[in-house]
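Use these hints to put chain B onto chain A, whose structure you have.
Each chain is listed here by its residues.
Number of protein chains: 2
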Amino acid sequence: MGTLLVVGSVALDTVRTPFGEATEVLGGSATYFSVAASYFAAVNLIAVVGEDFPEQHIKFLKSRNIDLSGLERRPGSTFRWKGEYTYQLNEAHTLDTRLNVFETFRPKIPEAYRSPDLLFLGNIDPNLQLEVLRQVKRPSLVACDTMNFWIEGKPDALWRMLKEVDVLIINDGEARLLGRDSNLVQVAKTILSKGPKHLIVKRGEYGVLMFTRDHVFGAPAFPLEQVKDPTGAGDTFAGGFMGYLAATGNLSDVSIRQAIVFGSVMASFTVEAFSLDRLRILDYKEIEARFREFKRLTHFEDLA
Amino acid sequence: MGTLLVVGSVALDTVRTPFGEATEVLGGSATYFSVAASYFAAVNLIAVVGEDFPEQHIKFLKSRNIDLSGLERRPGSTFRWKGEYTYQLNEAHTLDTRLNVFETFRPKIPEAYRSPDLLFLGNIDPNLQLEVLRQVKRPSLVACDTMNFWIEGKPDALWRMLKEVDVLIINDGEARLLGRDSNLVQVAKTILSKGPKHLIVKRGEYGVLMFTRDHVFGAPAFPLEQVKDPTGAGDTFAGGFMGYLAATGNLSDVSIRQAIVFGSVMASFTVEAFSLDRLRILDYKEIEARFREFKRLTHFEDLA
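For the record, the sequence lines run as chains A and B.
Quick note on numbering: the first sequence equals residues -9 to 294 in our numbering.
Quick note on numbering: the second sequence equals residues -9 to 294 in our numbering.
Next comes chain A alone, as it looks inside the complex:
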């Protein structure tokens, strides 16, 4: 089993959806990623929190066997995000963002973490993502996320970083912005010509598309009876995806497709409750069962 290193945010979220609300609950891209990945592999987490970060969350992350030696605790407050969703659950409306200690976050990779087998660069300044890459021995697979803010604000640094990345995992709208086209096949051509060997486009309730130079793979999202809170679905997807690859150590095309399905499975659990509440009580048997349901969802030949 390979080691998996993730750099990103740990936050306290306040979220309202048509189905309820949650105040100052555990959130952040690296949090969702790590907890999802922890079902498959050992995770080393690089992030920063403030003095006010509740001890219970530390305990929870440790209980998932996530190594927190790289979780800095700094004077000041933890990153806060406040947002809401309408019935159109695909899109979050940010009400308030307080970066707090995250604003001056400079990821420092502890000596013991510098040879990860897999690395996930969460959505932070592309210059910081590059700094992380400089600190580690080249992993066998590097994946990253980014967002509109960096695509528009720091395109040069972003493209420099993408040159060194194997898998770019971003959402629909970000992909179109980055590839400067409304057509995703054209977008994929542009992005894949600049470094990444895989482009994974997250489309919320519509599932995922993965483009390589020669193939496309499409997986629908698992249709759920109740979606309570979509927050963290994308980061959970990435965590399940990278966790599975770390667990198997197999980076073949088939393995990457299966990793996408495991990522989708993990995301389908996350959205069933607020914060990481569904992941807290998740059992590996449930993951396997939903993976099997995914086959029945998508196969049109042998339905065994």
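Treat the hints as calculated values from the structure; they're not laboratory data.
Here the structure is a predicted model, which means the values were calculated and not measured.
Incorrect hints may have been included.
Heads up, the list lumps identical chains together, so a pair's fine if it works in one copy or across two of them.
Capping the alpha-carbon separation at 25 angstroms, the derived lysine to any residue pairs in SDA-like fashion look like this [claimed, not checked]: (1) K179 <-> G10; (2) K275 <-> V175; (3) K72 <-> R282; (4) K52 <-> G40; (5) K144 <-> R268; (6) K98 <-> R128; (7) K275 <-> H205; (8) K144 <-> L120; (9) K285 <-> N240; (10) K98 <-> L118; (11) K187 <-> G73; (12) K285 <-> G194; (13) K179 <-> L79; (14) K184 <-> D204; (15) K52 <-> N80; (16) K184 <-> I141; (17) K49 <-> E11; (18) K285 <-> Q248.
Here is chain B on its own, set in the frame of chain A:
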């Protein structure tokens, strides 16, 4: 091979998209349906056109072996639709609709057509859809389409009609309106409790979901490098779907899933050009090849 009867519209369309425009070209739900289905099975078409309907279109439909004994030619003008699409190709903006002879259309099924194996009730007044059902011996499979206008304007007639239908094929937004819920799983429960055994939800570039009481099947849309005009994609889907079922005579779960994939394949061709231009030059070998590509698009185990 079974006989397939379709009732719907034949129209002349004027369409503008970011990739071009077409004026007074062949369109209409029953047209797209019939031509798509004609690649798999013999089709009997029930529709109405005006005196101005160009003879070349009649010739084209006949060349596809579509039986036109049920195509009425009436005094007055043919149904006209004018619409446009922005880069957000999933949604048509209607600029003008002239029902003309279609306004007083009362489908009369010729004696020879009254025992179809499969019947597709295109998007017309649900009372007329019921009238068609009264005129035929119960086919082994009845599918139908509808739209917001009837869901809001004639809900009672619509539900009465749906009681007698096996497969309802509608788009995302229509499904949510009909099932009065934003969650498609809930929507499916409501609709499947009132008659249809299969609900097929068309989601444009995001593909298709099929719900039955026990299963869900999801197929992504085929990712295309160039989508020129999405007009008729949904009707083409329905035509490929029903045509395949008519050809095989097999209504098993696996066969219905494969029919959905063939429907998706046909729709993926239609959108590559304006009007039915791509279908005019389509070869059955291309259909089979894209069906195979669909397996590679969706499978995550054996990629053979």
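Do the hints match the structure? See the list:
no.	hint	in the structure
1	K179 <-> G10	between (41 angstroms within a copy, 23 angstroms between copies)
2	K275 <-> V175	between (36 angstroms within a copy, 23 angstroms between copies)
3	K72 <-> R282	neither (36 angstroms within a copy, 46 angstroms between copies)
4	K52 <-> G40	within (18 angstroms within a copy, 74 angstroms between copies)
5	K144 <-> R268	neither (35 angstroms within a copy, 42 angstroms between copies)
6	K98 <-> R128	within (16 angstroms within a copy, 72 angstroms between copies)
7	K275 <-> H205	between (31 angstroms within a copy, 20 angstroms between copies)
8	K144 <-> L120	within (12 angstroms within a copy, 60 angstroms between copies)
9	K285 <-> N240	both (20 angstroms within a copy, 22 angstroms between copies)
10	K98 <-> L118	within (10 angstroms within a copy, 70 angstroms between copies)
11	K187 <-> G73	neither (33 angstroms within a copy, 39 angstroms between copies)
12	K285 <-> G194	both (19 angstroms within a copy, 22 angstroms between copies)
13	K179 <-> L79	between (29 angstroms within a copy, 20 angstroms between copies)
14	K184 <-> D204	within (15 angstroms within a copy, 45 angstroms between copies)
15	K52 <-> N80	neither (31 angstroms within a copy, 45 angstroms between copies)
16	K184 <-> I141	within (14 angstroms within a copy, 48 angstroms between copies)
17	K49 <-> E11	within (24 angstroms within a copy, 62 angstroms between copies)
18	K285 <-> Q248	both (10 angstroms within a copy, 15 angstroms between copies)
The structure shown violates the earlier hints numbered 3, 5, 11 and 15.
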